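Q: This is what each chain is made of:
Number of protein chains: 2
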Amino acid sequence: MNAEIIAVGSEMLTPARVDTNSLFLTGELNDLGIEVTAKHVIGDDRERLAETVRRALRAVPVVILSGGLGPTEDDVTRDAVAMALDRRQIFSPEINAGIEQRFRQMNRAMPEINRRQAMLIEGAAILLNDRGSAPGQWIEEDGAVVMLLPGPPHELKAMFTRQCLPRLERIAPPLHIRTLQLRISGMTESELDQTIAPIYKKYENPATTVLAHHGDIQVHLRARCPSEGEAMALLAEVGGKIEAALGDRIISRNGDPLEAVIGKKLASLHATLAVAESATGGGLAERISSVPGSSAYFLGGFVTYTKRMKTDLLGVPEELLDRFGAVSRETAEAMANGARRRTGATYALAVTGNAGPTTDGSEAPVGTVYAALSGPWETIVIHRQWPAGDRARVRSLGAQMALDLLYRKLNQ
Amino acid sequence: MNAEIIAVGSEMLTPARVDTNSLFLTGELNDLGIEVTAKHVIGDDRERLAETVRRALRAVPVVILSGGLGPTEDDVTRDAVAMALDRRQIFSPEINAGIEQRFRQMNRAMPEINRRQAMLIEGAAILLNDRGSAPGQWIEEDGAVVMLLPGPPHELKAMFTRQCLPRLERIAPPLHIRTLQLRISGMTESELDQTIAPIYKKYENPATTVLAHHGDIQVHLRARCPSEGEAMALLAEVGGKIEAALGDRIISRNGDPLEAVIGKKLASLHATLAVAESATGGGLAERISSVPGSSAYFLGGFVTYTKRMKTDLLGVPEELLDRFGAVSRETAEAMANGARRRTGATYALAVTGNAGPTTDGSEAPVGTVYAALSGPWETIVIHRQWPAGDRARVRSLGAQMALDLLYRKLNQ
Numbered sequence: 004m005n006a007e008i009i010a011v012g013s014e015m016l017t018p019a020r021v022d023t024n025s026l027f028l029t030g031e032l033n034d035l036g037i038e039v040t041a042k043h044v045i046g047d048d049r050e051r052l053a054e055t056v057r058r059a060l061r062a063v064p065v066v067i068l069s070g071g072l073g074p075t076e077d078d079v080t081r082d083a084v085a086m087a088l089d090r091r092q093i094f095s096p097e098i099n100a101g102i103e104q105r106f107r108q109m110n111r112a113m114p115e116i117n118r119r120q121a122m123l124i125e126g127a128a129i130l131l132n133d134r135g136s137a138p139g140q141w142i143e144e145d146g147a148v149v150m151l152l153p154g155p156p157h158e159l160k161a162m163f164t165r166q167c168l169p170r171l172e173r174i175a176p177p178l179h180i181r182t183l184q185l186r187i188s189g190m191t192e193s194e195l196d197q198t199i200a201p202i203y204k205k206y207e208n209p210a211t212t213v214l215a216h217h218g219d220i221q222v223h224l225r226a227r228c229p230s231e232g233e234a235m236a237l238l239a240e241v242g243g244k245i246e247a248a249l250g251d252r253i254i255s256r257n258g259d260p261l262e263a264v265i266g267k268k269l270a271s272l273h274a275t276l277a278v279a280e281s282a283t284g285g286g287l288a289e290r291i292s293s294v295p296g297s298s299a300y301f302l303g304g305f306v307t308y309t310k311r312m313k314t315d316l317l318g319v320p321e322e323l324l325d326r327f328g329a330v331s332r333e334t335a336e337a338m339a340n341g342a343r344r345r346t347g348a349t350y351a352l353a354v355t356g357n358a359g360p361t362t363d364g365s366e367a368p369v370g371t372v373y374a375a376l377s378g379p380w381e382t383i384v385i386h387r388q389w390p391a392g393d394r395a396r397v398r399s400l401g402a403q404m405a406l407d408l409l410y411r412k413l414n415q
Numbered sequence: 004m005n006a007e008i009i010a011v012g013s014e015m016l017t018p019a020r021v022d023t024n025s026l027f028l029t030g031e032l033n034d035l036g037i038e039v040t041a042k043h044v045i046g047d048d049r050e051r052l053a054e055t056v057r058r059a060l061r062a063v064p065v066v067i068l069s070g071g072l073g074p075t076e077d078d079v080t081r082d083a084v085a086m087a088l089d090r091r092q093i094f095s096p097e098i099n100a101g102i103e104q105r106f107r108q109m110n111r112a113m114p115e116i117n118r119r120q121a122m123l124i125e126g127a128a129i130l131l132n133d134r135g136s137a138p139g140q141w142i143e144e145d146g147a148v149v150m151l152l153p154g155p156p157h158e159l160k161a162m163f164t165r166q167c168l169p170r171l172e173r174i175a176p177p178l179h180i181r182t183l184q185l186r187i188s189g190m191t192e193s194e195l196d197q198t199i200a201p202i203y204k205k206y207e208n209p210a211t212t213v214l215a216h217h218g219d220i221q222v223h224l225r226a227r228c229p230s231e232g233e234a235m236a237l238l239a240e241v242g243g244k245i246e247a248a249l250g251d252r253i254i255s256r257n258g259d260p261l262e263a264v265i266g267k268k269l270a271s272l273h274a275t276l277a278v279a280e281s282a283t284g285g286g287l288a289e290r291i292s293s294v295p296g297s298s299a300y301f302l303g304g305f306v307t308y309t310k311r312m313k314t315d316l317l318g319v320p321e322e323l324l325d326r327f328g329a330v331s332r333e334t335a336e337a338m339a340n341g342a343r344r345r346t347g348a349t350y351a352l353a354v355t356g357n358a359g360p361t362t363d364g365s366e367a368p369v370g371t372v373y374a375a376l377s378g379p380w381e382t383i384v385i386h387r388q389w390p391a392g393d394r395a396r397v398r399s400l401g402a403q404m405a406l407d408l409l410y411r412k413l414n415q
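These protein sequence lines are chains Y and G, in that order. Heads up: the first sequence begins at 4 in the numbering used here, then just goes up one per residue. Heads up: the second sequence begins at 4 in the numbering used here, then just goes up one per residue.
Think of the hints as simulated: they come from the structure by calculation, not from any bench. Treat each hint with caution, since some may be false.
If several chains are the same, the list does not tell them apart, and a pair holds so long as it fits within one copy or across any two.
What the hints assert, rightly or not - Mimicking BS3-like on lysine-lysine, the simulated pairs with C-alpha atoms at most 25 Å apart in a straight line are: (1) Lys160 to Lys205; (2) Lys267 to Lys412; (3) Lys204 to Lys268; (4) Lys160 to Lys204; (5) Lys310 to Lys204; (6) Lys268 to Lys310; (7) Lys205 to Lys244.
These figures come from a predicted structure and were not determined experimentally.
The following block holds chain Y by itself, in its conformation from the complex (with noise of 0.2 Å):
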């Protein structure tokens, strides 16, 4: 069974912006044994869009539809598809007084404007949106099935999964798909391709997909198969393979982040955490606590953007800064042991460096990290020099670091 996917707006179409929903669209669809065979962009143009459908429609029995449901003479999708299907729109009280409600929980009165998106195509079961007030349609015409559903991101994935996925499974019987999730911490992209590329390269099927951010590496695995017996047998081989190459490299097999790792692990010892940053400026509090359920373990922690704020918050000695500078071993060892005196943690990881663009002179050179875990037992200090030149990375390459420092520390 084939699919096509399209992408509504104009603002689709300009040089820096990509049409993300549908690879989010097609991985899921892919999982059902469902392969997409086009994809469109098409901008804010009700006559081209309502031929894009026509024409998807004679070819494959899926058409999803992104985009375009905002509230606007410029969101043209559900007229379009009324066109294409030659089917009239029915103003729906029943979606109208939910936008309604949506915009009473913000204490604001819904913009005469929205009732625009309470047109629904004849036929079309609502879909509805609990994470922004466009509503999705649900549409069956002579054995195919479109989809209108939101553009942005988090609205669309929502959406799909819970309400579009149980629909189509009925439509298409899933393949039997087994995946691996491999999490990589500690190597750089380069070095993980020259270990496992000549592993996966022999295989299509399981697919291999290395995706790489910033010092956080994901290997992706994903066998697709009539049974359940040979996915995972195919999976096994292949990654068995992997995981012997890459070793203690691997910090989850479930898709969980570093953060979320170490989270466990700190859960599991009733070990508690803060943290103490410069350079990375609040980003390594802000990863941890992005898993839900951190203050469990994670304490908090302190900001030090200049050399008062590390000798009053933390109690690094001002001859210590003075003598080996703020962005130091020793700056950084200071710091650790300050946060963990202060806030009372079982660890406590700090960050000191210089992300750039420029540096005075005085300071380590651009690129320069220091990262320290200071815990019950002792102060470690690693140093990294990282590329210049790219500001926002060498701060998530500072964060990354010091949580890879604290997961092999508490993984010993």
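For this one, chain Y is given, so just place chain G on it according to the hints.
A: This is chain G only, laid out in the frame that chain Y set:
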């Protein structure tokens, strides 16, 4: 003048692949005043591709195809375009000699299969490829032009820039382009659209695009005219009306995000800033410190993820926390005052809230956020109830509302 872009190849329809050629091509076309009104990715299917080319040619005078020019049976672009235009293909000894020579340079004999790449659509001009074996083709028909370009980006870019652009410039002389970037804070996307859609909808030129992410909204205007004076006049006319309608919701006109605008203002006032965060967990400090040079005014802050941290680090009275709860107007105020007192900063921002996913019942409902600003004269607290369900989004909106609060105060 409008264009459509078609990427060819089933490998472009997997969950991890994005068609980046179309982004490059869109930028180049836009500079000639050619708008891209649709993009397609079509798998290795002659019929479907031929139909897509036919439809595109009915809609626009410029159609660009990338990929599918390889030597294998799967490479269907030549066949499909020949079908769409109802033209024959002719073996080109000239192309064939070029491919043979290329293989000779690599000390290899040309495989028989590569003769397919020497097939030229009747009437086409050859686009030489010095970076790969697949030549491109340039075809004119009834005032329209169809380009067949190779898929690998480095081949496509070189071929398009050197051989297609000069030809296109004869058809569409480059336009003068002037742009205006407005950054908006303190209103929702639909409030914005209600305000400015009645203005910008009347104009196709300048083109207006609205980008929104977690409360951070941008409006881009782009005027394209035969002369620079006309472009500037057009931009002044429409931009002026939009600016008048948005008033103080506009926070920058040069692309600067809210944190950069605030940074410049603080620096000019010789004022300093500190933060105290609970719900945002470091994300507010991370945004403020993401601005290069932020150490001139950003002192740092506190991530107080537990009650104890709020009392110990910020001096929030325990009785106050017990009485009003950690997510309350009173706690937000005490956190901001505490951060200001402990750091000596001119201003301190605090955020407390419940980002979810769950609440233990004693707390405020998921989505509740309080932001407080402590300054030399007073402490202001604001409250918002954001939609629940997306932890990361509530956290981002919390940071945005705190920054907006400070921005308004600084610009009173």
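Q: Provide an ascending list of the numbers of those earlier hints which the structure does not satisfy.
A: Hint check: 1, 3, 4 and 5 fail, others pass.
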